[in-house]
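In our numbering, the protein residues as written are 1 to 307.
I should point out that these hints are in silico values taken from the structure, not numbers from a laboratory.
Where a beta carbon is used, it is the ideal one built from N, C-alpha and C, also for glycine.
Accuracy of the hints is not assured; some may be wrong.
[As the list claims (entries may be wrong)] Restraint-style ranges between C-beta atoms, simulated for each label pair:
1. R178 / F29: 34 to 42 angstroms
2. E279 / Y143: 17 to 25 angstroms
3. L306 / G228: 15 to 23 angstroms
4. P221 / H181: 47 to 55 angstroms
5. L64 / H30: 48 to 56 angstroms
6. L17 / L64: 36 to 44 angstroms
7. L25 / G275: 16 to 24 angstroms
8. I240 / P191: 42 to 50 angstroms
9. E279 / D10: 27 to 35 angstroms
10. G75 / F29: 42 to 50 angstroms
11. G275 / H246: 39 to 47 angstroms
12. P191 / P221: 44 to 52 angstroms
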Amino acid sequence: MDIFIHIVVDVILPLFLLIGAGAYLHRLFHFDMNTLSKLTTYFLLPAVGFVNVYESDMKSGVLLSVLFFLILQNGTLIALSAVMAKWLKLDRSLGATFQNTIVLNNSGNFGIPVSQLVFRHEPLGLSIQIVVTIFQNFLTNTYGVFQFISASQTKGKMAGEFLKNPIIYALVLGLFFRMLHIPIPSFLWNPLEHTANAFLVMALVTLGAQLAYIDIKRIPPLLVLTVGSRLFLSPVIALIIITILHLHGVTAQALLIASSYPCSRNTALYALEYGHHPEYAAQAVFLSTLLSPATVAGVVYLARFLF
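Based on the provided sequences and hints, a complete structural model is requested.
Rendered as C-alpha coordinates:
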(Lines of atoms letter the chains of each structure in order from A; the text may use other names.)
(Lines give C-alpha, C1' and ligand atoms only; values in the text may rest on other atoms or scores of the structure.)
Protein backbone atom coordinates (compact mmCIF):
# COMPACT_ATOMS: atom_id res chain seq x y z
CA MET A 1 0.00 0.00 0.00
CA ASP A 2 2.88 2.38 0.78
CA ILE A 3 4.33 1.85 -2.71
CA PHE A 4 0.93 2.53 -4.28
CA ILE A 5 0.50 5.77 -2.31
CA HIS A 6 4.02 6.93 -3.16
CA ILE A 7 3.53 6.23 -6.88
CA VAL A 8 0.27 8.18 -6.88
CA VAL A 9 1.59 11.15 -4.88
CA ASP A 10 5.16 11.39 -6.19
CA VAL A 11 4.71 10.32 -9.83
CA ILE A 12 1.11 10.25 -11.05
CA LEU A 13 -0.25 13.40 -9.38
CA PRO A 14 2.49 15.72 -10.73
CA LEU A 15 2.00 14.26 -14.22
CA PHE A 16 -1.73 14.81 -14.19
CA LEU A 17 -1.40 18.33 -12.81
CA LEU A 18 0.71 19.26 -15.85
CA ILE A 19 -1.58 17.39 -18.25
CA GLY A 20 -4.57 19.15 -16.70
CA ALA A 21 -2.83 22.51 -17.02
CA GLY A 22 -2.24 21.85 -20.73
CA ALA A 23 -5.89 20.91 -21.31
CA TYR A 24 -7.16 23.98 -19.46
CA LEU A 25 -4.77 26.40 -21.19
CA HIS A 26 -5.58 24.98 -24.63
CA ARG A 27 -9.31 25.50 -24.02
CA LEU A 28 -8.56 29.03 -22.82
CA PHE A 29 -6.05 30.18 -25.45
CA HIS A 30 -6.41 27.66 -28.33
CA PHE A 31 -2.76 26.71 -28.81
CA ASP A 32 -1.29 26.14 -32.25
CA MET A 33 -0.71 22.39 -31.94
CA ASN A 34 1.64 22.29 -34.94
CA THR A 35 3.93 24.82 -33.26
CA LEU A 36 3.91 22.90 -29.96
CA SER A 37 4.69 19.70 -31.83
CA LYS A 38 7.60 21.21 -33.77
CA LEU A 39 9.06 22.87 -30.65
CA THR A 40 8.97 19.63 -28.70
CA THR A 41 10.12 17.29 -31.47
CA TYR A 42 12.87 19.36 -33.07
CA PHE A 43 14.24 21.35 -30.13
CA LEU A 44 13.44 19.94 -26.68
CA LEU A 45 13.54 16.21 -27.45
CA PRO A 46 17.03 16.22 -29.03
CA ALA A 47 18.36 18.13 -26.00
CA VAL A 48 16.93 15.66 -23.48
CA GLY A 49 18.17 12.72 -25.57
CA PHE A 50 21.73 14.07 -25.70
CA VAL A 51 21.83 14.98 -22.00
CA ASN A 52 20.43 11.61 -20.84
CA VAL A 53 22.93 9.61 -22.89
CA TYR A 54 25.88 11.84 -22.00
CA GLU A 55 25.17 11.83 -18.24
CA SER A 56 24.29 8.17 -17.78
CA ASP A 57 26.78 5.73 -16.28
CA MET A 58 26.37 2.47 -18.20
CA LYS A 59 29.36 0.71 -16.59
CA SER A 60 27.42 -2.13 -15.00
CA GLY A 61 28.47 -5.74 -14.59
CA VAL A 62 25.02 -6.83 -15.75
CA LEU A 63 24.90 -4.52 -18.79
CA LEU A 64 25.09 -7.32 -21.39
CA SER A 65 22.39 -9.35 -19.65
CA VAL A 66 20.14 -6.29 -19.44
CA LEU A 67 20.65 -5.42 -23.12
CA PHE A 68 20.05 -9.02 -24.19
CA PHE A 69 16.83 -9.08 -22.16
CA LEU A 70 15.68 -5.76 -23.67
CA ILE A 71 16.32 -6.95 -27.21
CA LEU A 72 14.36 -10.16 -26.60
CA GLN A 73 11.48 -8.48 -24.78
CA ASN A 74 11.01 -5.58 -27.16
CA GLY A 75 11.55 -7.82 -30.18
CA THR A 76 8.73 -10.05 -28.92
CA LEU A 77 6.44 -7.04 -28.39
CA ILE A 78 7.24 -5.72 -31.87
CA ALA A 79 6.43 -9.09 -33.45
CA LEU A 80 3.22 -9.63 -31.44
CA SER A 81 1.92 -6.08 -32.02
CA ALA A 82 2.58 -6.46 -35.77
CA VAL A 83 0.65 -9.73 -35.81
CA MET A 84 -2.23 -8.14 -33.87
CA ALA A 85 -2.33 -5.13 -36.23
CA LYS A 86 -2.49 -7.46 -39.22
CA TRP A 87 -5.10 -9.70 -37.59
CA LEU A 88 -7.26 -6.65 -36.78
CA LYS A 89 -6.80 -5.43 -40.38
CA LEU A 90 -5.69 -1.96 -39.27
CA ASP A 91 -4.59 0.45 -41.96
CA ARG A 92 -0.92 1.51 -42.03
CA SER A 93 -1.57 4.76 -40.19
CA LEU A 94 -3.57 3.30 -37.30
CA GLY A 95 -1.39 0.19 -37.26
CA ALA A 96 1.77 2.26 -36.74
CA THR A 97 0.24 4.10 -33.78
CA PHE A 98 -1.21 0.88 -32.35
CA GLN A 99 2.17 -0.87 -32.47
CA ASN A 100 4.07 2.07 -31.01
CA THR A 101 1.69 2.46 -28.06
CA ILE A 102 2.27 -1.21 -27.16
CA VAL A 103 6.02 -1.40 -27.71
CA LEU A 104 7.15 1.97 -26.32
CA ASN A 105 6.79 2.87 -22.65
CA ASN A 106 7.26 5.87 -20.39
CA SER A 107 10.54 4.72 -18.86
CA GLY A 108 11.91 8.23 -18.33
CA ASN A 109 9.79 10.62 -16.29
CA PHE A 110 7.65 7.74 -14.98
CA GLY A 111 10.12 4.87 -14.72
CA ILE A 112 13.03 6.69 -13.12
CA PRO A 113 11.00 8.18 -10.21
CA VAL A 114 9.42 4.78 -9.56
CA SER A 115 12.85 3.13 -9.57
CA GLN A 116 14.22 5.80 -7.24
CA LEU A 117 11.40 4.95 -4.87
CA VAL A 118 11.52 1.15 -5.11
CA PHE A 119 15.32 0.80 -5.18
CA ARG A 120 16.28 3.64 -2.86
CA HIS A 121 18.52 1.26 -0.89
CA GLU A 122 19.72 -0.71 -3.94
CA PRO A 123 21.61 1.51 -6.44
CA LEU A 124 21.84 -1.33 -9.00
CA GLY A 125 18.09 -1.14 -9.57
CA LEU A 126 18.24 2.53 -10.58
CA SER A 127 21.32 1.91 -12.76
CA ILE A 128 19.39 -0.77 -14.65
CA GLN A 129 16.47 1.63 -15.10
CA ILE A 130 18.85 4.21 -16.59
CA VAL A 131 20.02 1.61 -19.12
CA VAL A 132 16.38 0.75 -19.90
CA THR A 133 15.58 4.44 -20.39
CA ILE A 134 18.49 4.90 -22.81
CA PHE A 135 17.43 1.78 -24.72
CA GLN A 136 13.86 3.09 -24.90
CA ASN A 137 15.14 6.45 -26.18
CA PHE A 138 16.96 4.72 -29.02
CA LEU A 139 13.99 2.43 -29.74
CA THR A 140 11.51 5.32 -29.73
CA ASN A 141 13.57 7.45 -32.05
CA THR A 142 14.53 4.67 -34.44
CA TYR A 143 11.82 2.00 -34.56
CA GLY A 144 9.06 4.36 -33.37
CA VAL A 145 9.89 7.17 -35.78
CA PHE A 146 10.41 4.70 -38.63
CA GLN A 147 6.96 3.22 -38.00
CA PHE A 148 5.28 6.62 -38.33
CA ILE A 149 7.32 7.69 -41.34
CA SER A 150 6.79 4.38 -43.15
CA ALA A 151 3.03 4.78 -42.71
CA SER A 152 3.01 8.11 -44.53
CA GLN A 153 5.96 8.06 -46.93
CA THR A 154 6.78 6.19 -50.08
CA LYS A 155 9.82 3.91 -49.82
CA GLY A 156 11.95 6.32 -51.80
CA LYS A 157 11.34 9.17 -49.37
CA MET A 158 11.34 7.12 -46.18
CA ALA A 159 15.09 7.07 -45.52
CA GLY A 160 15.48 10.78 -46.24
CA GLU A 161 12.62 11.71 -43.93
CA PHE A 162 13.99 9.46 -41.20
CA LEU A 163 17.42 11.08 -41.39
CA LYS A 164 15.88 14.55 -41.03
CA ASN A 165 14.88 13.82 -37.44
CA PRO A 166 17.44 15.54 -35.16
CA ILE A 167 16.98 13.15 -32.23
CA ILE A 168 18.93 10.48 -34.14
CA TYR A 169 21.99 12.72 -34.31
CA ALA A 170 21.53 13.89 -30.70
CA LEU A 171 21.61 10.31 -29.39
CA VAL A 172 24.61 9.35 -31.53
CA LEU A 173 26.50 12.51 -30.52
CA GLY A 174 25.68 11.94 -26.84
CA LEU A 175 27.01 8.38 -27.05
CA PHE A 176 30.11 9.54 -28.97
CA PHE A 177 30.93 12.30 -26.46
CA ARG A 178 30.27 9.89 -23.58
CA MET A 179 32.48 7.09 -24.91
CA LEU A 180 35.39 9.44 -25.64
CA HIS A 181 34.91 11.39 -22.37
CA ILE A 182 34.80 14.68 -24.25
CA PRO A 183 34.05 17.55 -21.83
CA ILE A 184 31.38 20.04 -22.82
CA PRO A 185 32.08 23.69 -21.92
CA SER A 186 29.62 25.30 -19.52
CA PHE A 187 28.42 27.90 -22.04
CA LEU A 188 27.08 24.98 -24.13
CA TRP A 189 26.15 22.57 -21.32
CA ASN A 190 24.05 25.04 -19.30
CA PRO A 191 21.60 25.88 -22.13
CA LEU A 192 21.48 22.19 -23.09
CA GLU A 193 20.58 21.23 -19.53
CA HIS A 194 17.96 23.99 -19.22
CA THR A 195 16.40 22.90 -22.51
CA ALA A 196 16.34 19.25 -21.41
CA ASN A 197 14.71 20.22 -18.11
CA ALA A 198 11.97 22.06 -20.02
CA PHE A 199 11.06 18.95 -22.01
CA LEU A 200 8.96 17.24 -19.34
CA VAL A 201 6.71 20.25 -18.77
CA MET A 202 6.25 21.00 -22.46
CA ALA A 203 5.63 17.35 -23.37
CA LEU A 204 2.93 16.95 -20.71
CA VAL A 205 1.32 20.33 -21.45
CA THR A 206 1.19 19.34 -25.13
CA LEU A 207 -0.34 15.99 -24.19
CA GLY A 208 -2.94 17.82 -22.11
CA ALA A 209 -3.74 20.06 -25.07
CA GLN A 210 -4.24 16.97 -27.22
CA LEU A 211 -6.68 15.62 -24.64
CA ALA A 212 -8.54 18.91 -24.09
CA TYR A 213 -11.47 18.09 -26.38
CA ILE A 214 -11.38 14.29 -26.25
CA ASP A 215 -14.49 12.50 -25.02
CA ILE A 216 -13.28 9.64 -22.81
CA LYS A 217 -16.74 8.53 -21.69
CA ARG A 218 -16.65 5.75 -24.29
CA ILE A 219 -13.55 3.57 -24.47
CA PRO A 220 -13.26 1.74 -27.83
CA PRO A 221 -12.22 -1.95 -27.81
CA LEU A 222 -8.97 -1.18 -29.67
CA LEU A 223 -7.94 1.17 -26.85
CA VAL A 224 -8.68 -1.55 -24.28
CA LEU A 225 -6.48 -3.97 -26.23
CA THR A 226 -3.70 -1.38 -26.49
CA VAL A 227 -3.68 -0.49 -22.79
CA GLY A 228 -4.08 -4.11 -21.75
CA SER A 229 -1.13 -5.16 -23.89
CA ARG A 230 1.08 -2.38 -22.50
CA LEU A 231 0.18 -2.86 -18.81
CA PHE A 232 -0.41 -6.64 -18.64
CA LEU A 233 1.01 -8.46 -21.69
CA SER A 234 4.39 -6.71 -21.49
CA PRO A 235 5.12 -7.79 -17.86
CA VAL A 236 4.02 -11.37 -18.68
CA ILE A 237 6.46 -11.53 -21.60
CA ALA A 238 9.17 -10.01 -19.39
CA LEU A 239 8.57 -12.61 -16.66
CA ILE A 240 8.87 -15.47 -19.17
CA ILE A 241 12.15 -14.10 -20.58
CA ILE A 242 13.56 -13.46 -17.08
CA THR A 243 12.79 -17.09 -16.19
CA ILE A 244 14.39 -18.41 -19.39
CA LEU A 245 17.54 -16.32 -18.87
CA HIS A 246 17.73 -17.36 -15.18
CA LEU A 247 17.97 -13.76 -14.00
CA HIS A 248 17.48 -13.16 -10.30
CA GLY A 249 17.69 -10.65 -7.47
CA VAL A 250 17.63 -6.91 -8.11
CA THR A 251 18.32 -7.40 -11.83
CA ALA A 252 15.21 -9.52 -12.30
CA GLN A 253 13.12 -7.18 -10.13
CA ALA A 254 14.22 -4.06 -11.99
CA LEU A 255 13.59 -5.54 -15.45
CA LEU A 256 10.16 -6.91 -14.55
CA ILE A 257 9.10 -3.56 -13.05
CA ALA A 258 10.52 -1.66 -16.05
CA SER A 259 8.31 -3.70 -18.39
CA SER A 260 5.11 -2.52 -16.68
CA TYR A 261 5.20 1.24 -17.31
CA PRO A 262 2.42 3.02 -19.26
CA CYS A 263 2.48 4.11 -22.91
CA SER A 264 5.20 6.56 -23.86
CA ARG A 265 4.13 10.20 -24.09
CA ASN A 266 6.53 10.48 -27.05
CA THR A 267 4.20 8.20 -29.00
CA ALA A 268 1.48 10.83 -28.69
CA LEU A 269 3.92 13.59 -29.64
CA TYR A 270 5.13 11.78 -32.75
CA ALA A 271 1.57 10.76 -33.68
CA LEU A 272 0.69 14.45 -33.60
CA GLU A 273 3.82 15.43 -35.56
CA TYR A 274 3.27 12.89 -38.34
CA GLY A 275 -0.54 12.99 -38.30
CA HIS A 276 -1.26 9.36 -37.39
CA HIS A 277 -4.32 9.26 -35.12
CA PRO A 278 -2.97 11.63 -32.42
CA GLU A 279 -6.22 11.53 -30.42
CA TYR A 280 -6.07 7.74 -30.14
CA ALA A 281 -2.40 7.90 -29.10
CA ALA A 282 -3.16 10.58 -26.49
CA GLN A 283 -6.04 8.51 -25.11
CA ALA A 284 -3.74 5.47 -24.81
CA VAL A 285 -1.15 7.49 -22.89
CA PHE A 286 -3.79 9.06 -20.65
CA LEU A 287 -5.67 5.84 -19.83
CA SER A 288 -2.56 3.70 -19.31
CA THR A 289 -1.07 6.36 -17.03
CA LEU A 290 -4.36 6.64 -15.13
CA LEU A 291 -4.43 2.88 -14.48
CA SER A 292 -0.71 2.48 -13.89
CA PRO A 293 -0.60 3.18 -10.11
CA ALA A 294 -2.54 -0.04 -9.48
CA THR A 295 -0.85 -2.15 -12.17
CA VAL A 296 2.71 -0.99 -11.50
CA ALA A 297 2.26 -1.39 -7.73
CA GLY A 298 1.02 -4.94 -8.40
CA VAL A 299 4.09 -5.73 -10.54
CA VAL A 300 6.40 -4.24 -7.88
CA TYR A 301 4.82 -6.53 -5.29
CA LEU A 302 5.12 -9.53 -7.64
CA ALA A 303 8.78 -8.74 -8.41
CA ARG A 304 9.65 -8.53 -4.71
CA PHE A 305 7.72 -11.75 -4.00
CA LEU A 306 9.29 -13.79 -6.83
CA PHE A 307 12.85 -12.49 -6.74
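The hints, checked one at a time:
1. R178 / F29: 34 to 42 angstroms: holds, 40 angstroms
2. E279 / Y143: 17 to 25 angstroms: holds, 22 angstroms
3. L306 / G228: 15 to 23 angstroms: holds, 22 angstroms
4. P221 / H181: 47 to 55 angstroms: holds, 51 angstroms
5. L64 / H30: 48 to 56 angstroms: holds, 50 angstroms
6. L17 / L64: 36 to 44 angstroms: holds, 39 angstroms
7. L25 / G275: 16 to 24 angstroms: holds, 23 angstroms
8. I240 / P191: 42 to 50 angstroms: With Cβ atoms ~45 angstroms apart, the hint holds.
9. E279 / D10: 27 to 35 angstroms: holds, 29 angstroms
10. G75 / F29: 42 to 50 angstroms: With Cβ atoms ~43 angstroms apart, the hint holds.
11. G275 / H246: 39 to 47 angstroms: This hint holds: roughly 45 angstroms between Cβ atoms.
12. P191 / P221: 44 to 52 angstroms: Given range 44 to 52 angstroms: holds, Cβ gap about 46 angstroms.
The structure shown violates none of the earlier numbered hints.
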